[in-house]
Amino acid sequence: MFARRLAGHLARGLVMILVVTTVSFFVIRSVPGDPMAARYEKLVEQGMSPGAAQRAVEVLYGFAPTGGLWQQYVDYMSGLLRLDLGQSLLVPGVSVSTVLFSAAKWTVLPVLAGTLLSFLIGVVMGVYAAIRRSGRLGDILAISGSLLHGVPQYVLALLLGAVFTTLLPILPTSGTADIMFEPGFNAGYIGSLIEYATLPVLTYALASYGGWILAMKSSVVTVLGDDFILAAELRGIKRGIVFRYVARNAILPLFTILALSLGMLFGGAIFIERIFNYPGLGLMLIDGINNRDYALMGGAFLLITAAIIVANIVADLFYTVIDPRVRSGEGAA
Amino acid sequence: MITGKNITKTFRQRGGVLAGREVRALRGVDFAIEKGGAASFIGESGCGKTTLGRIIAGLETHDSGEITIDGTPMSPLKPRHREPYFRRIQLIHQDPYSALNPTRTIHQTLNAPLVLRARQTGRPRSWVDERAEELLALVGLDPAYVLPRYPHQLSGGMRQRVVIARALTVDPDMLVADEAVSMIDVSLRLGILALLKDLRERLGVSVLFITHDVATARYIGDDGELYVIYRGQVVERGHVETIISAPVHPYTQSLLSAIPVLHGLEQPGEQRVVPTEALDESHHDAGCLFARRCPFRTERCESELPVLGHGEGTPQEHACLHPERRSVVATPIGRG
Amino acid sequence: GSTGDKPAASGGSGGSGGGLYTTIDGLKPGLDVNGPINPWNPKGNAFVGLNAMRIAWSKNHMTDPNQFYPGIAESWEIAPDNSSITLHLHPDNKWSDGKPVTAEDVKFSIALAYTQGSTAFAIDPGAAGAASEVEVVDDKTVKITQDMDNPSVTFVRGVMDSYIVPQHVWSSVLTADFWDKLKAARGEGAEAEKAREEITALSEKVLAFAPPKDVSAGPFTLERMNPSEALLVKNKNFYNAANVGPDQVKLLNYTGNEQIWNYLIAGKLDNAPFTAVPADVMKRISSTPGNGVIKGYSPVSLGMAFNQAKKPYDNVHVRRGLAYLINRDEITKIASPEGGTPALTTTGIHQKPAAEWLGADLATLEPYKLDAAKAEEEFKKAGLKKDGGKWTLPDGTPWKFTVNVPAPFSDWISGAKAITSQLTEAGIDAEVVTTADYPLYLKEIAEGKYDVGFWLIALGPAPYNIYQRLYGASNGWSILGGKIKHAEPGKNGNWMGGPETIEVDGAKVNPGELTAKLNSASGDEQKKIIGQLAKAANQDLPVVQLWDYVNTQFVNTNRFSGFPENDSDLLRQPSGVWIQLGMVKKQ
Amino acid sequence: MSVTPEKKAPGVRVSGLSVVYRTQAGELPAISGIDLDLVPGTITGVVGESGSGKSTLALSLLNAVQPPGRISAGSVEIDGLGDVVKLRGEELRKARGRHIGYVFQAAQNSLNPLKTVGKQLLDLGRSHDVADLRGLVREAKDLLGRMGMDGARVLDSHQHELSGGMRQRVGIMLALVLNAHLVVLDEPTTALDMITQATILRIVREVHEERGLTTLVITHDLGVVAEVADRLAVMYGGQVVEQGPTMEVLSAPRHPYTQGLLQAIPRLVGDIDEARALPGRPPTLGTIPVRGCVFRDRCVLRMDVCETEKPPVVSFGTSIALCHAVEAAGRDGRAGSPRAGEIQEVVGAQGATGVHEVRGEQS
Amino acid sequence: MTAPVIAAGGGRAALRRNFWRGVWRVLKRKPSRMVGMVIVLGFAFMGAFGPMFYPDPLPRDTAALYAPPSWAHPFGTDFEGTDVLSLLVTGSRYVLLTALVTAVITVVLGAAIGLFAGFRRGRWDTVLMRITDMKLTIPGLPLLLVLSTIWKFTSAFEMGLVLGLLGWGGVARAVRSQTLSLRERGFIEAARGLGLSTTHIIGRELLPSMAPFIAMNMLIAVTGAVYAQVGLFFLGVLPFEANNWGVMLNLAVFGGGAMSSPAALPYLMAPLLAILLLTLGIVLVVDAMDEIFNPRLREE
Ligand SMILES: Nc1ncnc2c1ncn2[C@@H]1O[C@H](COP(=O)(O)OP(=O)(O)OP(=O)(O)O)[C@@H](O)[C@H]1O
Ligand SMILES: Nc1ncnc2c1ncn2[C@@H]1O[C@H](COP(=O)(O)OP(=O)(O)OP(=O)(O)O)[C@@H](O)[C@H]1O
Ligand SMILES: [Mg+2]
Ligand SMILES: [Mg+2]
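Chains as they are written, first to last, in our numbering: chain L, -12 to 320; chain P, 2 to 337; chain U, 26 to 612; chain H, 49 to 411; chain X, 74 to 373.
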């Protein structure tokens, strides 16, 4: 059963990736502007003579895809089959996958941390808001949740940035870690990593916290209204155990959302990365676009899309595993 | 006049985990309902009553078999051409709460089909309002009170009446009432049943009544026919009173025995039949579908599938290899 | 609470106790951990002056491009006719792995430079200023000869700008027969063509080559990096190691100017190259203890270029009218208060070298001082009409002035917005049009999809480079095989669409031809040409010069001293060069 | 925990119990001043239409009325526990489950969907500090077995793997497994079909007798009560309008509501024309009359006094009815009560035809 | 029952009156909703009439660049010395108009596709939902970034069109599942059984039932659109417009150094606060949606 489901998902996912890759390929190739002209201008501005700049730029042509659009497409797709995403133009001679993965690390870690942090806090506060839903505190929690949920990430990022760099400059607003620390598992380096990631993580956590509190609140309210909770109470089940009943049932649907939002995280942090100059995928994508690095753009799209698709699959399968109703099939009817 | 021959329906789960699982909801059901007639389908939960009702009302398609409405077989017709026939068969939902649109007033709810009707029959607009009031009065409601209200402002019984009035807007030949009273308060149930009966008598609408409570089936009309369905198969068919007083199929007997006895007013039937097991739809046996649960089964029952037919000496048709009349029905004290 | 001083305490690696010098690589916006340690790679992690060494460092003299500080070469002799240059390497210079830097290394690096087509080492026959021969005289001496068929005054500069890398690390990139191939490529015919192709094909390989570890002849080697910072440590084998002040150099990455501002405010940077800074930020930067500013010449100006193929900008009076109408002082104050000085006039040259090149003549040029009356006069001459306070074109349609700028350049946007505000106040319906990014902007103006757009001009110090921006490819002139050609407006990248000849002092001149001549002319001839071109630009106004950039560098003297003075000729070299020359000292 | 249940069925005395719900229109009573005695060792059935306050009453027995409701007055004395209304916190929790078993109205959904029945059983045991959890499981299997199910399999199942009837039985098992002797079943058979209903009712009866319980069965179906209950209480509009031994009440209903209800039940035998619906519709929280008799709007025997005065308690041996008319009839010296037939005559005299009668529903 | 009897025929106007009275009641029930409504209406007013209160072009004072807040300039001035508040107000029209266009397109398209798919089911459903999935899988913001280089969104309508075209996926998915569940509800089935036209069923039966949902999505789409366009302007990939909120953010941060020096902070704060306030208003109003459209909750 599980294997069949998985196979179906994978097949559909592959088709999806194929289509999305194709669409993004043509969209990306239709971006006007010549990467070489831009680089030429830069070199000239840096004082290189026009002729030398011209020749230097020509070298880069070697890294740009050649042939007609259709040929490029065929090349690109056949490259994909070999898991080859092509060469970066931005960093000539380096494969797109290398660039992607080194950037992805810096998106995944903070966003993952932010999401999990906000998930934990949001879930707890959501339970609280649900229990206190008729009181003032519940109202405040819910409205602040909606507000945080509604406010775009960049507003939060800018606000936090303004507070922590202009008003009380205590946190670094760009970079990943102090280079003076030897990377590795040592307190200094890890402390530095945390220090540098604080603002992005905090922003991401704040931005997603609202969603969790809302989702958890409504989920808990639903479960609290379910008969089996009252039934458990009427059987004299201990409060702690009843609370676990509520929590487990309420959190179950949230795991799906969690999986999905983890899928979205690859593409989700452009603003935050731009504002805090955190060198993740978002910043890389902007760089790729600005430099017309088609292969890099395509790779980023593919990675983001694949992450979403995988997250969807995982969410579904995860649900199959943890929810006994789906596991044995009734819930799917 | 609507007849069905050998209607079958199998549900196949598509997609999801259950993909491939089959439920044989109907296994070759025959029926015939006269114009102005009444028929009741009874049976346990999940035995296919609703499915049959929906097929008859044209809301569901069947797999094989033939439905004939007023002599016209439906299967050769394109879905579009079937509609006018099925329009004349209206389904009354079990749940009057969901059967009415909560965002529309009763006036709006009745108006829409009436306007259509007026257009079809070339009647003037003014007829619509008149007709709405007329129909509400017919189902025993005060139009002035009901019309401007939203469904949530009405009681369950009133809602069910509105549902019936709405079904009447298209002048149907037949009403299919699927558990139409099971969600209505006890004290009001009889009112709805009486209304259905009244409509039969006054408008000549035939009524197909679906229930798992045999007692209510009587109230649609004493000339009604009763179909006892078990796992998609009709196991006993005949006149209501005949079957109640002299059921021969052990399943029918189980159903009748299950009706609570009003101790003090009634005394229980002497030969009450209790099935030996609970219903298990997934079970596939070669023989009689009821055999596993039947207290009277023989070896023959496990291999031979009985078909519906007239047994010797019984006025009703039945599908039992060992038909035997048992007195299972409670009798009022003092009448014997 | 910033991280600036923490690492020393908590101990990084490398020789601590020595100074840690913190700076930004202005030539390379964006460090990239994936980049190879390869000076030719645009994202390579070879940092000029630190672990990427050139033969020598240009002084960026205002008029003479051929003045240098020593780099790999300790000294050099330039033939009086510029036909050759002989390099003498430092006798005791070694690579960071202990091997000596030899003339063979230089020759090998020049071979690599050929694949990259650098100015002096172009393989295409007939390229101006290309080397014809590279000769290893002895272990520490190399002689490079220019192909005098098509000489260039910047030949020497082209040679000196070459990067030198260790042959023993890079040897795998080239085959032994490279020089034979090069010889073949110099010729004509199919064989030469094939050889050229083969060499060009090598370019990718060279660009992508990633040495496993940094072997440098510079003062530092790359120790490690992360996406935001790079750490370099002192190369003990560097010839001038004794005088290298800092033990470590930390390079900070930046993607936006605001990052540099924050670093500066926090006092984290010992040196930062030029960045546009808003006035208030400047105030905060200055208030940080130890922070200081060195200002010097930056051979760039910002011009507002017209598309002369479009009406009414084809009319010189319209352009002049606009020049009179635009308040350059105000615009500079709004857009680039720290990084620019309002252009005093429009010559196509930055004000400072203009004074050197033109001398007293500069004063004779029209300064286009703010003068609404003159502007009106000029507009009327062009047949424009003022109708109810609004200017209309001669045919009566309203004049809609749109100025294009790329969206990411916020100082340009502010400037453009200020221009439109001024023009609107003067009755011209004016609007800023932005383009999503710079490549798109370049593409769009190249396609002539603009009326007026911002354009960098006066890129010195070589005079050809200066005027190439006004009378080069973008205005229709290109040099092919030593021949000058002019393309019609709107064709072959001619988006300025100026006239092929301009009347200056009663004589018709072809500014494109004059500009091309600057490449090989020298001395007085150059001066004369520049005088003509300046006049042409001043009269004909293909652009209105808005402001001249100032090379505003930031230094912090808390930890180090010995930075260049204002107007120093080293200011355009990165601080790595200052360090290796032994200027920067620990406090 | 002893496996053989001792016979110690408690008596329950509900007196003056009122429950109010807070609504937009203020606090409205769902139950007002109910007196009800549960005789130890009997099954008491409570019937009443939707909204008559049955579930509220049932929950009150466990002091478990859910907000926005609260018990506003009265007491529920249970032998061995005292006044449940006064119990709080842990005491109350321990009383629930161990002393009072509750079988939920929608037993279908009374199990945690994520846990197997067995695990929930263990939760129950732990909550009540049962030392011998194995014993508990044995007891549960035993109970399930007696209800006709494979105990081991059921304990291993999730809720969704059980049919409606099975879930209901599991609910009963969980209510009884801790040896509670007061069991409250709220609509134990609603939404089940006839055959399953009959099975459940039989099980209720059997278990009741075997374990010596005091049982309260709540239902809207008079038939169900008639089938299982020894005693019967009829609720209407938040009041018990009539109560007494089942046989007695059914054979000689005194309150006009009980009579009407009896008549409205479709029967398998007998003249179908004799049966008819009650006019009007059952009251809801907002429409329950505050003064006078709650049933008067639908009552065929309405008198002026019904508008203003609370109906008096009229008792006949072990039965009582709350009705002015019954009292009046008693005063008039009529024998005991008006018999059903007589009421029919009254109705008939008013000339109610089917249609008109139902039209009265909206009044 | 003594409720007033309303004449059956002439009930339409009365119904509408009742509706508004109900809305009023719903708003009155919680003061926060009132506040939300006032905020939302305030923004609508600002967008519609705000620009009329200011001269065009806005006056500038080049002697006061990045002036701190004062009575004359509550939010200070911008890089050119223009009053930030006036920029904010005059800029609201474009922002809100785009948002409105986006919201309308998003909701109309999403609802139409969702309804069609859910109502038709079968092959159409499969195809449409696959497309929707695909749409939802393609990352929106990166795509917008790329699109902004291809297409210049000069007018509010173009911008709205693009955002709308990119945004309908979620609504379609949700409307479809709502449709599927409503479809199984008795009243839809009954309407089909009565032979009522599909238009009637969708327009009169389905849509009103989904009204709160759709209205909510509409409001959310409004905020979403504001965020998306302001964000794009902030990143600087869209055409320049001095009084656009996003451009204000961009210039404040990347030009004015709002993240480095407090001088440009008011210039940054003004659009931020506007966005926060708009969000707050919409959040508070959304809270009332369910009750407004549900006759039962409305009248309670
Ligand atoms: N749409 C469907 N898809 C799959 N199976 C279905 C569907 N509708 C009904 N069934 C199955 O068909 C069988 C008969 O169902 P049906 O609803 O007709 O029974 P019923 O007699 O009306 O039962 P009840 O008394 O519970 O209403 C059941 O097993 C049911 O699960
Ligand atoms: N949470 C609540 N808020 C407001 N009123 C309530 C609430 N719960 C119940 N009521 C009201 O209290 C009255 C009694 O409700 P109760 O649930 O006890 O009735 P019931 O007899 O059990 O009905 P049913 O047969 O429908 O279960 C009803 O009028 C109901 O509307
Ligand atoms: Mg059914
Ligand atoms: Mg209840």
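Treat the hints as calculated values from the structure; they're not laboratory data. None of the values given here were measured: they were computed from a predicted structure. Don't take each hint at face value.
With a Cα cut of at most 20 angstroms, we get these calculated SDA-like pairs of lysine to any residue [claimed, not checked]:
#  : chain 1 : residue 1 : chain 2 : residue 2
1  : X       : Lys103    : L       : Ile130
2  : L       : Lys29     : U       : Lys399
3  : U       : Lys335    : U       : Glu472
4  : U       : Lys293    : U       : Asn282
5  : U       : Lys84     : L       : Gln41
6  : U       : Lys293    : L       : Lys29
7  : X       : Lys103    : H       : Val185
8  : U       : Lys206    : U       : Pro236
9  : L       : Lys29     : U       : Lys533
10 : U       : Lys508    : L       : Gln41
11 : U       : Lys399    : U       : Lys415
12 : P       : Lys79     : X       : Thr135
13 : U       : Lys399    : U       : Asn316
14 : H       : Lys163    : L       : Ile238
15 : X       : Lys225    : X       : Leu209
16 : U       : Lys542    : U       : Glu223
17 : L       : Lys225    : H       : Arg70
18 : U       : Lys468    : L       : Ile130
19 : U       : Lys533    : U       : Gly518
20 : U       : Lys394    : X       : Thr135
21 : U       : Lys84     : U       : Asn282
22 : P       : Lys36     : P       : Thr73
23 : U       : Lys132    : U       : Glu218
24 : U       : Lys508    : U       : Glu525
25 : X       : Lys103    : L       : Gly122
Between the alpha carbons of P:Lys36 and P:Thr73, is the straight-line distance 20 angstroms or under? 14 angstroms, holds
Are the Cα positions of X:Lys225 and X:Leu209 separated by 20 angstroms at most? 23 angstroms, violated
Satisfaction of hint between U:Glu223 and U:Lys542, Cα-Cα up to 20 angstroms: Violated, because 32 angstroms separates the two Cα atoms, which is more than 20 angstroms.
For a C-alpha distance cap of 20 angstroms, please report whether X:Lys103 and L:Gly122 respect it. 13 angstroms, holds
If you draw a straight line from the CA of X:Lys103 to the CA of L:Ile130, is it 20 angstroms or shorter? Status holds; Cα separation ~13 angstroms.
Check the hint pairing U:Lys293 with U:Asn282 against an upper bound of 20 angstroms on the C-alpha distance. Holds: U:Lys293 and U:Asn282 sit about 15 angstroms apart, inside 20 angstroms.
U:Lys399 and U:Asn316 were given as a pair; does the straight-line alpha-carbon distance stay at or below 20 angstroms? The hint is violated at about 45 angstroms.
Does U:Lys293 pair with L:Lys29 here, judged by a C-alpha cut-off of 20 angstroms? 27 angstroms, violated
Does L:Ile130 lie within 20 angstroms of U:Lys468 when you go C-alpha to C-alpha? 48 angstroms, violated
Just to be careful, I want the Cα atoms of H:Lys163 and L:Ile238 compared with a cutoff of 20 angstroms; is the pair within it? 14 angstroms, holds
Take a quick look at whether U:Lys132 and U:Glu218 sit within 20 angstroms of each other, Cα to Cα. 23 angstroms, violated
Between L:Lys29 and U:Lys533, does the CA-CA distance stay at or below 20 angstroms? 34 angstroms, violated
Violated hints for the displayed structure, listed by number in ascending order: 2, 5, 6, 7, 8, 9, 12, 13, 15, 16, 17, 18, 19, 21 and 23.
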